[in-house]
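> Letter by letter, the chains look like this.
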Amino acid sequence: MERRAVIARRWIVLMLGVVLALGAAAGPGTATPAFKGDIPLGVLYTKDGVWGSYGVRAFRAIDIAVQDVNAAGGINGYRLAPKIYDNHGELAEVASLVRKMALEDRVVAMVGPNSSGEAEVAFPVAAATGVPVLATSTAKGGIMKLGFRDGKQWAFRNVAPDDQNTAPVIAQVVKDRHITTVAIVYDTKDAVSKYMGGIFWTGLMKKLNVTVVDVATFASGDPSVAAQVTKIKADKPDAVILAAAPGEAAKVAIEIQRQEMKTQLLGSGALYGDEFLKAGGSAVDHTITAAQYWRENPNPAVQAVLKRYEARTGAPAALHEAYAYDAIMLLTDIMKRAGVTSDSSKLQAYRDAVRADLVNAKWTGMSGTFTLVPNGDVIRPFLRATIDRGRWDIQVLKVQ
Amino acid sequence: MAGYFESVAILVGINILQALGLFTVKSLGQISLGHAGFMAVGAYTASLLTLRAQWPLVPAVLAGGAVAGVAGALVGLPALRLEKLYLATMTLAFLLITEVFFSNFDYAGGLSGLSGMAGTRAPLVWAFVAAAALYFWLVGRARLGLAHDAVRQDEPVARAMGVDTTRLKLQAFATGAVLMGIAGGLLAHHLFYIEPGLFGFSAAVLPVIWVIFGGITTFWGPIAGAAVLTILPEVVQPLKDWYLFIYAASLVAVMIVRPQGLIVRRRGTSPSGGDGALRPAEAPGAAR
Amino acid sequence: MLAQQIFNGLLLGSTYALFALGLNLVLGALNLLNFAHGEALMVAVYAVLMLQAAAHVSGAVLVLAAMAAAAAVSMATYLFAFRWVNKEYWMAGALSTIGISIFTQTLGARLWGTDQRQVPDIIRGPAVSLGPVTATGAQLLLVAVTVLLMVLLHLLLTRTRVGRGMRALAENRTTAMLMGVNVERMIQGTFLVAGIMAGAAGVLLTSVYNTVTPFVGLNLSVKGIVAITIGGMGNTYGAIVAGLLIGVLETLTVAYGSASYRDAIVFALLVVILMVRPQGLLGVRFPERA
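Quick mapping for you: the protein sequence lines, in order, are chains A, B and C. Note that this note's numbering has the first sequence beginning at 1, numbered continuously upward. Note that this note's numbering has the second sequence beginning at 401, numbered continuously upward. Note that this note's numbering has the third sequence beginning at 689, numbered continuously upward.
Treat the hints as calculated values from the structure; they're not laboratory data. We put the CB at the ideal spot given by N, CA and C, even for glycine. It cannot be assumed that every hint is accurate.
Said to hold, decoys possible - Okay, the calculated beta carbon distance ranges per label pair:
(1) C:L969 <-> B:A542: 49 to 59 Å
(2) B:L632 <-> C:A691: 52 to 62 Å
(3) A:D352 <-> B:S602: 31 to 41 Å
(4) C:L880 <-> A:T180: 39 to 49 Å
(5) C:V835 <-> A:Q303: 49 to 59 Å
(6) B:V636 <-> A:Q303: 40 to 50 Å
As the list claims (entries may be wrong) - The calculated BS3-like cross-link candidates involving lysine-lysine, where the alpha carbons are at most 25 Å apart (straight line), are:
(7) C:K775 <-> B:K640
(8) A:K152 <-> A:K346
(9) A:K83 <-> B:K640
Said to hold, decoys possible - According to the in silico footprint, chain A covers these stretches of chain C (three or more CB under 8 Å from chain A):
(10) 790 to 803
(11) 891 to 900
So here's chain A without its partners, still in its complex pose (with noise of 0.2 Å):
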C-alpha cells in the first residue's frame, strides 16, 4: 500500500515538473502570436508620498498609451513592453529601480521618474547607463544637467519648468491691469516655491519696475496662514503672488477671501490644474496665472487625441496625464522611425538612436505642441490662464 503511494506521489512530482517547466517555457515574456517580440521601455512613478496623484495619472495614462500603441500594430511589428515599478516614494528605491531596468530589463528607454528630487537621483543613474529617459512631472530649474555625461544628454522632460513661461505672461498682466504694488507668499519647504518667491518674482518685479511692498513664508503642511494674511493685508497690494504649489497657493488665497482682502491674484504656470480650483473654490475666482497646457486648444490634431483618451477614462485629462501620454506617443514614434526592435543585441545602438532623436524633438498630442532642446528642457506656447467662474480660460500669448 506504502509502495504505491510513494510512487503515486513521485509521477505527481513528475507531471507538476513537466507542467511547470511547459508553463517557465510559454512565460510571460513571450510575445503573443502578432508580435515579432518585445521592447521594453521603463515606467518608474509612485503612488505614494505628497506628489502621490502624480503618479496614479501617470500610470492610468501610460497604461492606455500603451494599449492604444500596441492596438495599432505596436512598433514596427513590435509590441511595446512597459517594465513598470513604484519606487514607494524613496529615493534610495530610485537608485536602484533605474539600475534594475537599465541593467536587467534592458529598456531602450524609460519615461518617469514622479518628483524633481527623484529625478536627481535617476538622471545621473541614466546618464551613467547610457539609458534615455523622459520626465514628464519633475519641474525643478537646473536638474537637466545631471543627466549630461561624456558630451550627451540622456535626461529629457516635457514639462516645463516653472519659470519659463511665466514672465512674458505676467509683464502683459502687470501692464494692462496696472499693477504697482504687490506682496509675495511663498512656501519655505518647497525648493522651487522657494525659488520662485525668493528669487525668481522679486526679480521680475524689479525688472518691470512694479513694488515688493510685502513678503511672507509659509511651511508646506501649515494648518494656517491667517498670520501671513493679515501681515499683507495691511500693505494693499494691488496683487498678490501665490508662489506655491496649487493646493498650498489655494490655501492661502481662501484665507485672503476669507480675511475680505481685495487684491488681484497672480501665479506661474504650477498653479494651473484642477487641483487649484477644485482645492481653491470660489476664492481663486479671477486669478490669472500662465500655463502650459491648454485642454481646449482648438487644434484638431490636439483635440482627436484628447476626445478619443477622455472617453476612455470618462473624465477630462489631467496635466500630468496629457503629459505621460504624449512621452510614450513621442518614444514610440521616436523608436519606430528609428527601426528599434527587440534585437538586444543592439540595445545599446537603440538606446543611443533613441537619445539623439529626443534632441530638438517637436511633437504635437494631448498636451498641445512642445519642443525639446538640446539641455534636455522643453518648450511650450506661453498661455495665459484665468479663472472665471469656476473655469480655467486660455488666452495664448505666442505659440511656438
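Given the structure of chain A, go ahead and fit chains B and C onto it with the hints provided.
Same frame as chain A, now just chains B and C:
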C-alpha cells in the same frame, strides 16, 4: 558604477550600519529618535569634502563619521540626563532642528540639496559593516558588553556596583552617531544626491523599526531586521501597489505576535527580553 | 495688527491644544505615545468632507459623524496597539501606532488622492470686528467650543467616577486595580474619549484650516508631541497652555520673521525646556523609569 543587485547590497549594508548605530544606544535601554540627524551630519560633511575640497571617498566618509560622533557627544551630554519618552522627544527635536538647519544652509545647497557625489561600491560598504560587526562581537565578549547588559537591565543597580553609567551612555551615543555618520556619507555617494528631507521623520523612525523588528538582545538582531526589511520591497515588487499596506500591517503584526524581534539571544542566564527592568522574580540569582 | 496676530496665534494654538489633549489622555493613563492620533483626526475631517459632498446634512450631524469616525480609529488603535500587544515591551505599542498611522495615511491617499481639498465651512459667518481684532463666526465658535470642551474634560476628570478612575489609572495602575477600578473599561474609555476629542478637533479645525490632505495628521502629530512635552507629559492643563503658547509663538515668528526658522524656534524652545525643566511647564512628576 554599481549594478542593480550591487545597489541592493549597498543599501542593505548602509541600513545595517544605521541599525547597528541605533543598537549601541538601544542596548543600554535608551531610545533615540534623532539618530538620523547624525546621518545628515555625516552625509553633508562627506559630500562637501568630496565636492568642494576634492577629498577621496574613504577619508571623506570617515571624516563625516568623526564629525557626527562629535555631534553625538554634544547632543548626548544634555540628552542622556533624561529618560525614555523624554529622551526620545529630545532626540527628535535635535533631528528636526538639524533638518531646518540644512534646509536653510545655502552653502550646502539648502532645500535644493547637493548632487554630484559618487563612488560607493558594495565591497567598501560591507567592509564597514564587517568592521562594525567585529566591534560588537568583541564588545559583547568583553567587560564592556556585560556592563551594557547591566545598565540595560537595571541602571541604579549597575551604578551602585561601580559602573560609570554616564560615561557608558555617552560613549554608546557617540559610537552610534559615528556609525550613522558613516552610513550617511556612503548613502550620499550612492544616491548621487541628498536633500534635507531625506533625513526627516521617516528616516528617524525606520532604523528604530529595523532594530525592534530584528531584536535587541544581540547585535545580530538589528542586522537581521535591517536586511530583511530592506530586501522586502525588492521581493514584493509584483505587489507594488500594496507595498506600504503590507509594510504597515507587518509592523503591527510583529508588535503583536513577536515584539521581542526576530533574533533573541540564548544563554544560560538570558535576560527576560524586552528592555527596562526585569521582573524581580526572574532576575538571575535573585532571592525568591 | 499685533492684537490680530495674537488672536490668530491663539486660534491656531487652540487647535494644537485640542489635539494635544487627546494625545495626553492616552499617554498619561497608559504610557503609550499614540502616533495614530493624527489619523483619527484626518479620518474625521474626510468623513465630514464625504458626507457634505454626498448629502445636505446639518452641522450637528457632521460633528457627530466626525466624532464617530475618529472614535472608530481610536478604538482600532486600542486593539492593535494596546490590547493585543505585550505591555512588557514599552516601545511595541508606540511602534504599532506608527504602523497604524502609515496604513491609514496610505489608505486615505489611495481613496481620496493626495491633492489638497477645500474644507467647507461648517458654519458660515461674516467677519465680525471686536476692537482691533477681526474674526469670523466660525472662528469665534471654535474658541467657544474649545473652551467648552476643556471645561467638560476638566469636569469629567474631577467630578465623575469615570474621570477619577482615569486619573487613578494614570497615577498607578496597580493601586487603581486594588481600589476596584475596572481597569480594562477605563482604558477603553480613555481611548474613546481621546477619539471623540480628535473628532471634535477635526471639525473645529476646518475653520482654521482651509485645505486638507491625507497627511494632515502627520503634521499635527509632531506638533502634538512637542506640545505635550513642553506642557508636561500627562498633564491636561499643560497641554492646553503649551498648545496655545506654540500657536502664538509660531504665528508671531511668521508674522514678523520668516517661516524658515519658525520650526527651529519651537524646537529650540523644546530643547530648552527639556534641559532646564524636563517635567514641562506644568508637570509635577520628574520623568521616572517606567
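> State the violated hints by number, sorted upward, taking the hints as numbered earlier in the document.
1, 4, 7
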